[in-house]
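Just need the whole structure built from these sequences, with the hints factored in.
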Amino acid sequence: MWNRSSLMKIGYALGALAVGAFLLTECGPKKDMMGAGDAAARVYVAPGEYDEFYAFLSGGFSGQVAAYGLPSGRLLRVIPVFSVNPENGWGYSEETKPMLQTSNGFVPWDDSHHPELSMTDGTPDGRWLFINANNTPRIARIDLGTFRTAEIIEIPNSGGSHASPFTTPNSEYVVSATRFSVPIPDADVPVASYKENFKGTITFVKVSPEGAMDIAFQILTPGFNWDLSHAGKGPSDGWFFFSCYNTEQAHTLLEVNASQHDKDFIMAVNWKKAEEYVKQGKAKAWTSEYYHNRWDEKTHTAVSEKKTQVNMLDPKDCPDLLYLMPCPKSPHGADVDPSGEYIVGGGKLATVIPVFSFSRMLKAIEEKKFDGDAGGIPVLQYDAVLAGEVKEPGLGPLHTEFDGKGFAYTSHFVSSEVVKWKLGTWEVVDRIPAYYSIGHLMIPGGDSKKPWGKYLLAMNKITKDRYLPTGPELNQSAQLIDISGEKMRLLLDFPTVGEPHYAQALAADLVKQREVKIFDIMKNEHPYASKSEKDARVERKGKVVHVYMTASRSHFNPDNIEGIKVGDEVYVHVTNLEQDWDIPHGFAIKGTDNAELLVMPGETCTYKWVPKKAGVYPFYCTDFCSALHQEMQGYVRVSGASANVPLSYGTGK
Amino acid sequence: MRKKSRRSLALASLLLLVVYVTPLWWIRLDAPQYPEGLGLYIWVDRITGENPNDLHTINGLNHYIGMKTITPESIPELTVMPYVVGFLVASGLMVAWSGRRPLVAVWLLVFLGVLLTGLVDFYLWEYDYGHNLDPMAPIKVPGMTYQPPLIGTKQLLNMKTTSLPYLGGLAAGLSFLTGVLVLIQEWRTGRKKGQTNEAISNAEMAASGR
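Residue numbers (my numbering), protein chains in the order written: chain Z, 1 to 653; chain H, 1 to 210.
None of these hints come from the bench; they were simulated from the model.
All residues carry an ideal CB built from backbone N, CA and C; glycine is no exception.
The reader is advised that the hints may include incorrect statements.
[Claimed, not checked] Using C-beta positions, here's what the derived DEER-type ranges look like:
1. W125/H with V516/Z: 31 to 37 Å
2. V516/Z with T117/H: 40 to 46 Å
3. V278/Z with P32/H: 56 to 62 Å
4. S532/Z with R7/H: 51 to 57 Å
5. V110/H with E631/Z: 48 to 54 Å
6. Y83/H with E631/Z: 44 to 50 Å
7. I139/H with K450/Z: 50 to 56 Å
8. E36/H with G471/Z: 39 to 45 Å
9. F624/Z with L119/H: 38 to 44 Å
Structural data, given as structure tokens:
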């Protein structure tokens, strides 16, 4: 007979089997359910509540910046920077077109790589976000009060701005180093004359206390490929560190030819010394054409200025300016720890992560522990500058950030993982997979003096099976990892805008308190603004027609316009009269080869239109503004070029 | 009049000065789309938004129901009121200085007249804005008018409208009440003449609520 205890045993055994079967089916390594535990609760931000951090992810090939909230991963906004954005008229409206002006003319796209928050005393302060354009070398400054691109400066004498726009501890400078060495100044020479004619440059862009950028000086370098950089801080403040590859100076099949040297370099730049040399007049004035585009908040219009000269420092005339630290193989990251003592190199083909010591570097310079030179720049002895090596960390170490609690986290592209290791002992203490092929990683404030060491964001290049498939073209992704405990834990992963190449994040309050809600219409100095409906009118000057139009819930003034002729150059200046938060109005005319406008409260935006055919053209508000948004519309009558229809306009007449 | 009453009356008059630095009345509008709220302050000499652009925004919204634009410049009371209050302050101080009891009653009567006129006038303006609507208004709800309450809360379409006295209005009310208390006390003192001083001071304590 079955007694009670044997029945219970059978019951337990069946129960154990069921749990085992569940684990086998549901908890395979692919689903990584292991330890999901309270992950959902950790990233849950209740409706109507705010995230703890603003994270700014570059869009890579999208050319923009996307702002997300962490830990929820909610997309807050995409900020147009280097690429036109028909959604709101960026690069299409007359006011924004000058922002994308370069020495090559209007460039509608770029590849935005490294966002960098402005800093005060080595920590993010929430004033601005800088970002580089990799393709047509430029640096943009985004105003975090408006989440708009406020300034773009072109970098001359550069083949591509990659090691950029890293900043000094008080944002005195942002830098740009050329990824492609090129003839400098550019010239029509054979590519095979690389070693003879190709050079690199490192550019220091001065940032004024108000944010205005200006190229202070450039430094001519050997023709290597400059990759990434970071400024020194604390004891190493006054220095900048740049990684490079292709010290072989190959010009073709770089994947092979630029991977031959056992060691490339991290270059230390004494920028305080560079400042002195510039002051002493050691810089030569080079004629170099570049554009500096600034957004004027008063006129709501960009102004584009062509510049023609830079200060160029040649290291030949400037001793003690540059030193090379050998770094195995083709390093990517050059990352300075919160104390400012350690510089971590991420040699993407290396089997170790070398960590350099700033104090040992100074000592080696003093004791002249050199190992010859490269392109005339002294090379320091590897052993003399090394603090330690992280042995066998993983494959393809790329980029390192810090938690402020004595640990470093390095992304590994090839083995697709994040590796946590201890500063000082150089021991690997934990690792966690990334899905898949992580590039940069980011800890809020993780490259600053005071990281918020709570979360880590892994940014991945490949997503394959991570989400519902969308054909051959898939979104890339970011993964949020909890680093508050001893073991790293994956909390969340989410698809991103473009390529999330790199990111910056900071405590939300530092940004939230700056937010502008509306533009004061009384302070609108746009030359074509209509500050009230009384100012609404249409003026013709020959073939040029200016429409002074107001938009308010729920009508345009004027909304009927007649007397426009085929071939006229029509400028519709739409002023949004609202002074109420989150009430933009949109504007578009049927059949125009232009994008729409989104006009914020108190702002004036201009829509250019050259009508090609006679007829009646509806226009309407494109941003759902009110209960009678659908009624917010009007008509323009376009007559033949030689017609005699008089100019007339109005609303409600 | 006793010294203490004269001092209280002087203070009551001076309390009225508060209306020059803070609004008399507050009208608050809450709607689903306005989690931050919209509001109007009615001052002795002007109408302003609770936030800088609220008046502009409220006027913009009101055109949907055909309400007239609220333009403070078109309300003549706002130019007169500062002088009326100034007169009350000055006359109150003079009554306190003169120490003549009947004048207190006269001053209070004038004050009451000002208060009631003000409230009735405010009601009439509210009535005018709430009822005198443009027949061409986009939103017409049969039988619906939009007069905000004098004091209290009322749902007007999507707007929960709350109207309450603000610090200035409360100060004016307190000033008037103080005057009334002074009058009562003086009247009682007059009636109890001949009683002991102790009893007088007890009555004083009771009247002042201490």
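Hints, one by one, checked against the model:
1. Remark: the range hint 31 to 37 Å for W125/H to V516/Z is upheld by a beta-carbon distance near 35 Å.
2. Distance hint check for V516/Z and T117/H: the Cβ-Cβ separation is about 44 Å, which falls inside the suggested range of 40 to 46 Å.
3. The beta-carbon spacing between V278/Z and P32/H, approximately 59 Å, falls within the hinted interval of 56 to 62 Å.
4. The given range of 51 to 57 Å is respected by S532/Z and R7/H, whose C-beta atoms sit roughly 52 Å from each other.
5. Look at V110/H against E631/Z: about 53 Å separates their beta carbons, and that is inside 48 to 54 Å.
6. Distance hint for Y83/H and E631/Z: a CB-CB separation of about 46 Å, consistent with the stated range 44 to 50 Å.
7. For I139/H and K450/Z, the hinted distance range of 50 to 56 Å is satisfied, since their beta carbons lie about 54 Å from each other.
8. Between E36/H and G471/Z, the C-beta spacing of about 43 Å keeps the proposed range 39 to 45 Å intact.
9. A C-beta distance of roughly 42 Å is found between F624/Z and L119/H, which places it inside the suggested range of 38 to 44 Å.
Consistency with the previously given hints is maintained throughout, with no hint failing.
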